[in-house]
Amino acid sequence: MPEKPEVITVARHLEGQLLHQKILECHVFWDSIIAKPSVSCFCQKIVGEEILSITTRGKFLVFELTHMILLIHLRMEGKFFFRKKGDPLQKHEHVEFILQDDVSLRFHDVRKFGRMYLLPKDTAYLEKPLSELGYEYTDPKLNEDYLLRRFQNKKIPIKSVLLDQRILCGIGNIYDDEILFLSRIHPNQEACSLTKKDCSHIIQYTKEVLDHAILLGGTTIRSFTSSEGVHGLFQNELLVHGKEVCPVCSSKIIKIKVQGRGTYFCPNCQKRKK
DNA sequence: ATACTCCCCTGAGAGC
DNA sequence: TGCTCTCAGGGGAGTA
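So for the first sequence, our numbering puts the first residue at 28; every next one is plus one.
If you're looking for bench data, these hints aren't it; they were derived computationally from the structure. Just to be clear, a hint being listed does not mean it is correct.
Cut-off 25 Å, straight-line C-alpha distance, at most; resulting in silico cross-link-like pairs (DSS-like, lysine-lysine) [what the hints assert, rightly or not]: (1) K284 with K301; (2) K168 with K234; (3) K234 with K148; (4) K298 with K282; (5) K279 with K300; (6) K234 with K223; (7) K181 with K284; (8) K182 with K168; (9) K155 with K118; (10) K181 with K118; (11) K282 with K270; (12) K155 with K111; (13) K298 with K223; (14) K181 with K72; (15) K72 with K49; (16) K224 with K301; (17) K301 with K279; (18) K270 with K234; (19) K112 with K49; (20) K139 with K118; (21) K223 with K182; (22) K148 with K63; (23) K282 with K301; (24) K181 with K168; (25) K298 with K284.
Just the calculated beta-carbon pair ranges, DEER-fashion [claimed, not checked]: (26) D149 with P294: 25 to 35 Å; (27) P294 with D114: 45 to 55 Å; (28) S220 with P294: 16 to 26 Å; (29) K301 with K234: 23 to 33 Å; (30) G113 with P167: 40 to 50 Å; (31) R288 with E264: 15 to 25 Å.
Just so you know, even glycine gets a beta-carbon here, dropped at the ideal spot from N, CA and C.
Produce the entire structure from the sequences given, and follow the hints as far as they go.
Below you can see the structure in the form of structure tokens.
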């Protein structure tokens, strides 16, 4: 499940391959991947555009094109492969961009949950989905008072609130568990009950965990390989997610469901406060 | 405004 | 072996 570190890894890899490439053709084989505009409009408008940069916002890949912004959300299993124009379509390849020199960039997604948006440059950041996103974890405006304020009316578990991209964007299910473990907060703790100190820990460990993961190229878990030839190493660094024994106190790690998400925590290090 | 539920998809794994 | 059933998971839509 690509989270911020994996999305950054993919963006860097793609930018290295695609900078200043021009999109010559676009073919869509599974319509619902294209969220906006219609498939025909999407293909028509993207042809002729040049790729000027590839960055990220939250868990979106942001392709800056000549006149447009192309947003791609990989969701759980979206990835890219480079092939040659005319190569037979492989299973689960749903969108194809033909570039210069007969390069065929294929979007591959087993679950078909990935989404693409093509938006005009001048309004892309003012409309959904980008307009809904909260702060990046690197944003200096992300501080204890901001989190305290955003948490104050939330009676749902902190684990779920950290997954809410409208507050702090880029965290997914795996890093959420890691951040709460390091912050010594029970995943089911009501967000509104957190203290300023808790918020301070969350900010500190979000930065540490994500920075470290980005340095190592993200986490490669199960189906996720960020892109052809790209494999992260952070899975070796995970402390609690998917683990059996707490690396701090040797207690048995417990797996529970928090609002439908598989959640790992240490019952000794992450005691629930009331 | 918050907080639910349902839905999208497929492959892996369990159970028989 | 081969079938059926259940489940995971990010986020958008719809509803209370």
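Okay, the hints, checked on the actual structure:
1. K284 with K301: With a Cα-Cα distance of about 20 Å, the restraint between K284 and K301 holds, given a limit of 25 Å.
2. K168 with K234: holds (14 Å)
3. K234 with K148: violated (30 Å)
4. K298 with K282: holds (14 Å)
5. K279 with K300: Since the Cα atoms of K279 and K300 sit roughly 20 Å apart, the hinted pair holds (cutoff 25 Å).
6. K234 with K223: holds (17 Å)
7. K181 with K284: Holds, at about 19 Å.
8. K182 with K168: Judged against 25 Å, a Cα distance of about 24 Å means the pair holds.
9. K155 with K118: This hinted pair is violated, its Cα atoms lying about 31 Å apart.
10. K181 with K118: Since the Cα atoms of K181 and K118 sit roughly 43 Å apart, the hinted pair is violated (cutoff 25 Å).
11. K282 with K270: The given pair, whose Cα atoms are some 9 Å apart, holds under the 25 Å limit.
12. K155 with K111: violated (34 Å)
13. K298 with K223: Answer holds: K298 to K223 is near 17 Å, not above 25 Å.
14. K181 with K72: Cα-Cα ~42 Å, so violated.
15. K72 with K49: With Cα atoms ~13 Å apart, K72 and K49 stay inside 25 Å; holds.
16. K224 with K301: Measuring from Cα to Cα gives roughly 15 Å; hence the hint holds.
17. K301 with K279: Roughly 23 Å between the alpha carbons, so the hint for K301 and K279 holds.
18. K270 with K234: Given pair K270, K234 holds - Cα atoms ~22 Å apart, limit 25 Å.
19. K112 with K49: Answer holds: K112 to K49 is near 14 Å, not above 25 Å.
20. K139 with K118: Roughly 12 Å separates the two Cα atoms, so the pair holds.
21. K223 with K182: holds (16 Å)
22. K148 with K63: holds (14 Å)
23. K282 with K301: The given pair, whose Cα atoms are some 21 Å apart, holds under the 25 Å limit.
24. K181 with K168: Within the cut-off at roughly 20 Å; holds.
25. K298 with K284: holds (16 Å)
26. D149 with P294: 25 to 35 Å: violated (51 Å)
27. P294 with D114: 45 to 55 Å: At 51 Å between Cβs, range holds.
28. S220 with P294: 16 to 26 Å: holds (18 Å)
29. K301 with K234: 23 to 33 Å: holds (28 Å)
30. G113 with P167: 40 to 50 Å: holds (49 Å)
31. R288 with E264: 15 to 25 Å: holds (21 Å)
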